[in-house]
Amino acid sequence: MATSSDDYLPVGERPEWADMAPRALPATPQPVVAIGRDELLGDLMDYLWAAVEAGELSERVLSLTEEIIRDLNSSNYTVWEWRWRCIEALGGVAARGEQEKALTRSVATANPKNYQLWNHRRRLALALGPGQAEEEMAFSAACLQHDAKNYHAWAHRQAVLLALAGGGTTAGYGGSSTGDAASSAAQQVQAQALWAAELAFTERLLREDLRNNSAWNQRIFVLRNAPPSAIGPPAEAYDREVDFAARQLRQAPHNESCWEALRALAAGPGAPRLALAADPRYLQLCREVLGGAEDGDGGGLPACAPALSLLADVLLEQAALLQDAAVLVRSGSDSGGDGQDCGAAAGPTGDAAAATAAAAGPQTLDPATLEAAVAAARRLAAQALERQLAADPIKRPYLTLELAAVEAALRGVAAQGAGAAGA
Amino acid sequence: MVHPARQELLAEQHARYIVEFSQNKDSFEYFATEHFRLSGVYWGLTALHLLGRQAALDGAEIVAWVLRCQRPCGGFGGSERHDAHLLYTLSALQILALYDELDCVDVDTVARYVASLQQPDGSFWGDEWGETDTRFSYCALSALWLLDRLHAVDVPAAAAYVAACKNFDGGFGCTPGNESHAGQVFTCVAALDIAGRLDLIDRDLLCWWLCERQTRSGGLNGRPEKLQDVCYSWWCLSALSILGRLHWIDQAALTDFILDCQDEDGGGISDRPEDQVDVYHTFFGIAGLSLMGRPGLAPIDPTFALPVEVVDRLRERRREPVAAAAEAPVA
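Chains as they are written, first to last, in the working numbering: chain V, 1 to 423; chain P, 1001 to 1331.
Hint data in this document are derived by calculation from the structure and do not stem from the laboratory. This one's a predicted model, so the numbers in the text were calculated from it and none came from an experiment. Among these hints, one or two may not hold up.
To be verified - Label pairs and their calculated CB-CB ranges:
1) V:E59 - P:R1319: 45 to 53 Å
2) P:D1100 - V:A21: 37 to 45 Å
3) P:E1274 - V:P233: 20 to 28 Å
4) P:L1227 - V:G129: 24 to 32 Å
5) V:A138 - P:P1072: 54 to 62 Å
6) P:D1121 - V:P233: 26 to 34 Å
7) P:L1067 - V:Q145: 53 to 61 Å
8) V:Q284 - P:R1318: 51 to 59 Å
9) P:D1148 - V:R105: 55 to 63 Å
10) V:A110 - P:E1274: 52 to 60 Å
All C-beta atoms in this analysis are idealised placements derived from N, C-alpha and C, irrespective of residue type, glycine included.
Go ahead and model the full structure; you've got the sequences and the hints to work with.
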């Protein structure tokens, strides 16, 4: 297509447009908003407006939209929509699939963050159906090769997976109903393969760049939406993913995205209740990354701020667990009954506290010991926060508040507020 | 360290830059941005308003042009010949609100257009063609609030859809499952604020995530492990402000970062120091400084992205009949 005025043929001189008068923008002088005239490109738009005005859906309008999208402006909603209408009127989406894929590929090469392109491509993919899924993943992957954090490309993958491979919890929103389609065995196999491949895809991108937050998010998305037949039962998937994230962390301990992913896993499906405290791997990982220096001065090593942040939360969660246990034991001895009866009254963490109590055995559980353990965990958390403050001074306003909350809890003031400012 | 020539807010230069940009109509860029001209005008005008220099542009002509961008369906296109879209409908109403000219539109027609875009799951399409995005949820609710027609849509369903876009980190994305992004966080938090459902937000978790967006440069990024950019001074700060946690970030460091992104010669603000300035970043830089209470700037409302004075005027006017009714003797 013509991009310079040298080889540009004005639309009015093209035989196929001879019967139509262009619709130019009214020339009203305005200091702020008067539309400037680019003679070459304004010409194309004037004819498109005329066609839209006349409601014309034809081959010549279709090619005009392509010329505008390629040469003038690929972000004009009206042009894309008019194009879609032309396609539907001229034999339908299936018949024009290849042409539309070629156009969107070309626009994606020039401007991969264009909203309209991705909207067009998603409509196209969903209209073409499950058989199109693999090609869409390849298309998106090609875009991610140039910018591995392209938001649109990742959103496209999610939309395709939910609509064409059948989704989990988020499928109720946005995804089209493929419930019937997915009922055939062959399509179920394809769907499983797509979800499993997505997990592998994120792994590949993380191998290229461990700090790719979009890839981490996609992994969490898969875990929350893929059927167990594709990724295993939730508890098993959780276990495997924590190990996976831990392995990545050891390679780049300062990688914020990976720490966020760990927190997501702890709060996600398959994780034990109060996972940060209940699953020893989090504490172990913090210790490992911090080089066993968390009880000392750090020895002048650059401290890892996100590790200290997670460590503080692990310790505060432990304190909360122990506090629950202390309340439970105290009320148990007051009433003379067994601790489990009081579990419900101890709040949402009652079950876990009861489990702690049961595991420790009744004879070792005296409230004073538990209170001392709570205080010890909080003191360690406060130390972690102080070190985080030193490592990441720009977070001072927040961390100062967090630290004050922990210290208030240590003094017995507003004990419920401990960690309230944190995650 | 802030560049010595950028220690102060260069208000005069910024106002001149915005006015000159608005009047340079011969560039390819100016033509190619026709489809979102209404938003561009909104950014420039609001920035001028915050700078106390709104008189630099001719309000009557702008209002007349805005009205010409309205389509028969009630919505507004990005400029005169463009199809209606929620993005530009909100920009149009914001501009009219700035000039206190919302009476110029037929409120119910616009409200019907907005309502026609709500889907059964509570989400909104941006236009009649089906793109869904939490940005549009915000545009719809904000537009309807400006029109005092919030009841024209299913507000609880709108809030529920936004809440479904909440992620493990407390942040929000475009559609359920999409990565948290600070721009999207603003639209979702402000939408929930308008819907009266801030309780659906995991406040502490989200605000900590927003604090984590501050990098050593003092500037904020939009996602973990991405570069800082002046526009997030608005996206992150507005959400923190709505949630009452503005004091959780280092405001002095952020102020220095924004000031350092000024162009001391031609005026305007860029995404990062020494980059090319544009109206978008100029507005978001000034808006961020306004949220932090910068002297010399009018305060901006974090939910509606309009000067507080404008939002207060609308609130005040709505209270009057209510107050009168309350005082009336019971028959």
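Evaluated hints:
Roughly 58 Å separates the CB atoms of V:E59 and P:R1319, a value that falls outside the hinted 45 to 53 Å. Between P:D1100 and V:A21 the CB atoms are about 40 Å apart, so this pair conforms to the stated range of 37 to 45 Å. With their beta carbons about 53 Å apart, P:E1274 and V:P233 fall outside the hinted range of 20 to 28 Å. Under the hint 24 to 32 Å, the C-beta atoms of P:L1227 and V:G129, about 39 Å apart, miss the expected range.
Checked against the hint of 54 to 62 Å, the pair V:A138 and P:P1072 fails, with Cβ atoms roughly 42 Å apart. Checked against the hint of 26 to 34 Å, the pair P:D1121 and V:P233 passes, with Cβ atoms roughly 29 Å apart. Taken as a hint, the range 53 to 61 Å is violated for the pair P:L1067 and V:Q145, whose Cβ atoms sit roughly 46 Å apart. Distance hint check for V:Q284 and P:R1318: the Cβ-Cβ separation is about 57 Å, which falls inside the suggested range of 51 to 59 Å.
Taken as a hint, the range 55 to 63 Å is violated for the pair P:D1148 and V:R105, whose Cβ atoms sit roughly 46 Å apart. Distance hint check for V:A110 and P:E1274: the Cβ-Cβ separation is about 26 Å, which falls outside the suggested range of 52 to 60 Å.
When the structure is compared with the earlier hints, violations turn up for hints 1, 3, 4, 5, 7, 9, 10 and for no others.
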